[in-house]
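Hey, can you work out the whole structure from these sequences and the hints?
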Amino acid sequence: MGDLLARLLLKNATALIFAGVVLLFYAQAPHFLSVENFANIVKQSSFIGISAVGISFVLLTRGIDLSVGSVMYLGPLIAGFAMRDLGIGVAGGLVTAAIAGIAMGALNALFIVRFNIAPFIVTLATLFFFRGAGTWMTSSRQFDFDRSLLDFGLSSVAGVPVPVVFFVVFVVLAHIVLSRTTFGRQIYAVGADPEVARKAGVRVEFVKARVYMISSGCAAVAGFVLIAQIGRLDVAFGEGREFDVIAAAVLGGVSLFGGIGSALGAAVGALLIQTVKTGLVFTTVNLYLQPIVLAGVIFAAVLIDSLRVIRLRATRKRSIRPLTR
Amino acid sequence: MTALLRFDDLSKSFFGVSAVDGVTLDVPEYGVLGLIGENGAGKSTLMNMVGGVVEPSGGRMLWRGEPYAPRDAAEASARGVAFIHQELNLFFNLTVAENLFVDGFPKRFGLIDRGAIRRRAAELMEALDLDVSPDALIEDLSAGERQLVEIAKALHRDADLIIFDEPTTSLTPRETVRLFEVIGRLKAQGKTIIYISHVLGDVAALCTHIAVLRDGTLVEAAPAEAFTIPRMIHAMIGRELSGLFPARTARPAEETVFSVAALSQPGVIEDVSFEIKGGEILGLFGLMGSGRSELARILFGLDSHQGGAIAIDGRPLSGGARERIAAGLAFVTEDRRAEGLMMDAPIADNLSLVSIARFGRTPFAMIDTEAVEADTAAIADQVRLKAGNIRRQPAKSLSGGNQQKVVIGKWLMQNPRVFILDEPTRGVDVGAKYEIYVLADRLAAAGGAVLFISSEIEELMGVCDRILVMSQGEIVGGFDAPPFEQSAILSMAFRQAA
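Sequence lines, in order, name chains A and B. The opening residue of the first sequence carries number 5 in my numbering; numbering runs sequentially from there. The opening residue of the second sequence carries number 18 in my numbering; numbering runs sequentially from there.
Among these hints, one or two may not hold up.
[Claimed, not checked] Cβ-to-Cβ under 7 Å is the rule here; a few derived chain B residues that face chain A:
#, residue
1, F108
2, N110
3, E115
4, E242
5, I246
Calculated directly from the structure, the hints in this document are not laboratory data. From the three backbone atoms N, C-alpha and C, an ideal C-beta is built for every residue, glycine too.
Structure below.
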């Protein structure tokens, strides 16, 4: 019985934390529970959310992608140059950003899959490389976009702001890919056991290569959508955001140990982080304490992830004699 | 009866040591072939060649009369071979249905046709009489259910030959009965089965044909009716013992040094009790999966146990490996490469690893390198290590036997009271084996207690004062004094009356 309860708690940890956080803020500041406040939270979390959905693909295969923060910067920057110099317009810019992101992911994948270097090392190197490339292209100056980008960014579709539209579309697409395609299910198989997956006829390298392209592609689009809100791109854009993105995915139940989690979960994780950030503004918590509170929430999520994996390992341990139940 | 698969003078050697040597054998179509033999007899290697995991180094296989040489597991599977390993190849985070289709899903409008895979899975579950939803996650299933899912996978791929490797080890008696019903049904459906097991009663009941391997060669192959269980055991053993072992130089003393009482851990070991006296070498024999290495890990504090007590010189042991080392326990692991040595580090660093704290000098516990050098050199001498410069040469450059001497030497630096040797001669050539037996004798002669765990009966018979036999996590019996009888020990391990 206690066992079952522990399982339920671990499985629904994100929902429980979310409910707890919302109740806590509500008790502190009742006007926290308002429609426009939540609409705002969704809009503000779309940036981290889109990228968190992308990185989930990588985390599910037991990988890691530290370069997303730099891709958020370099992808839109390349798009900006193309828009300015080639006059391809906002739609063209969006496509360029996505393609640039996918290309950066392909570079990561090349080193990870082809040369078999640890993803942590490869993406740490490209974190510096991508940002360095952008700094070199701009000579470290701010890049100003055409007014048309801002018009696009601040527009809405049927009353729904553009960033939210993108967020929703990416979550739905990712969810379908992960749960309803061969590629998606093979991602879970690789995350559970790459060797067994290979033996079962899964092309493990191919699966791994694609997840890094997806992660970078999502990061570049996320960056582009946020840039469309501000109209300019400075050198520090996206710096350190890889940790927000990873934290959001893990908070949403995507395991750093691979094989567990969903796109929906990652999106909820991003919402949760933004809820905490916004909620802290509503309450009278000391401004300088806020990062510590956020750290506490993230730590709780990672702890729960570890507990879950330890439990899972225990159930998979080979037994010599039948367990009498 | 025609042969589905024929081994034609098939051989495989690893680094010059032959594992399978000129086996010629027919696997009769629609039959159940029982494959038996001691650990290391070549069963796994033979089956790995069928499954495309290892490539033969000589001879050939014929599948329905056609040459058959799978390059990998996928090709063997495409040809109609399904291999059900002891560790199941399932994905814990996917559903039953998804596990069946993971290498290629049927699609509808570009997406996985979930209805179709569910229907197919349900069909197979019904054929196996398994009451499990196609949408159930593997992690929620019991060991027996998982195994049936693995069989469903074989049926789904329409395999003609299904190989079972020790399928009953983690099953409850009820699950075992069900597995046998399923195997009977598979046979009726025209499948051919190879069944590997240490449970000889099961082999006798289940199989139509039996083949016995010993030291990589085929000893006997005949219809099952021709075999009685004593005859199976007789065929598996029958190696001659000769002067392979040193004479023992010490007699066991009166006082008990190491005692284990009623040690239990659910699913692993059950009510294990024994005592070892000073100067005594106690042998522990068990087949693969009998729990001998798991017992060693529990004794050393690497894994936990729920009941029972362990004591050295009457003082109870508690805590983890660190406390037990301090109390005088030493453990030579069965996996020398992964657990016993730092392969890339110099020999001297390996030797001083356990006792390095002893060499700390104030201030700041700086290592007294001169003392370390003197002591490691002395120990290397003591174990008669054949090496060049022990401060430069990495452990991996040594032969298996000398590597094992380094492992033993590292513990000798601590002057332990109790030595647990788990398969100390695995991967060691004959000459070096002798030297390890000499070391075991010297450990005992110095007044220590030695637990010698091995799956080679001969060496236990040659080295030990007493032998205990383990099976399914329990001590099933023992033999108190030489001369030991090989068939009696093996019968006990197989839980058969000889």
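Status of the hints after comparison with the structure:
At about 4 Å, the closest approach between the beta carbon of F108 of chain B and any beta carbon in chain A falls short of 7 Å, and the interface hint on this residue holds. The criterion of a C-beta within 7 Å of any C-beta in chain A is met by N110 of chain B, whose closest approach is roughly 5 Å, and the hint holds. Using the Cβ-Cβ criterion of 7 Å, the hint placing E115 of chain B at the interface with chain A is satisfied: the shortest such distance is roughly 5 Å. For E242 of chain B, the interface hint is violated, the least distance from its beta-carbon to any beta-carbon of chain A being 31 Å, above 7 Å.
Contact between I246 of chain B and chain A, as hinted, is not supported at the beta carbon level, the nearest pair being about 22 Å apart and thus beyond 7 Å.
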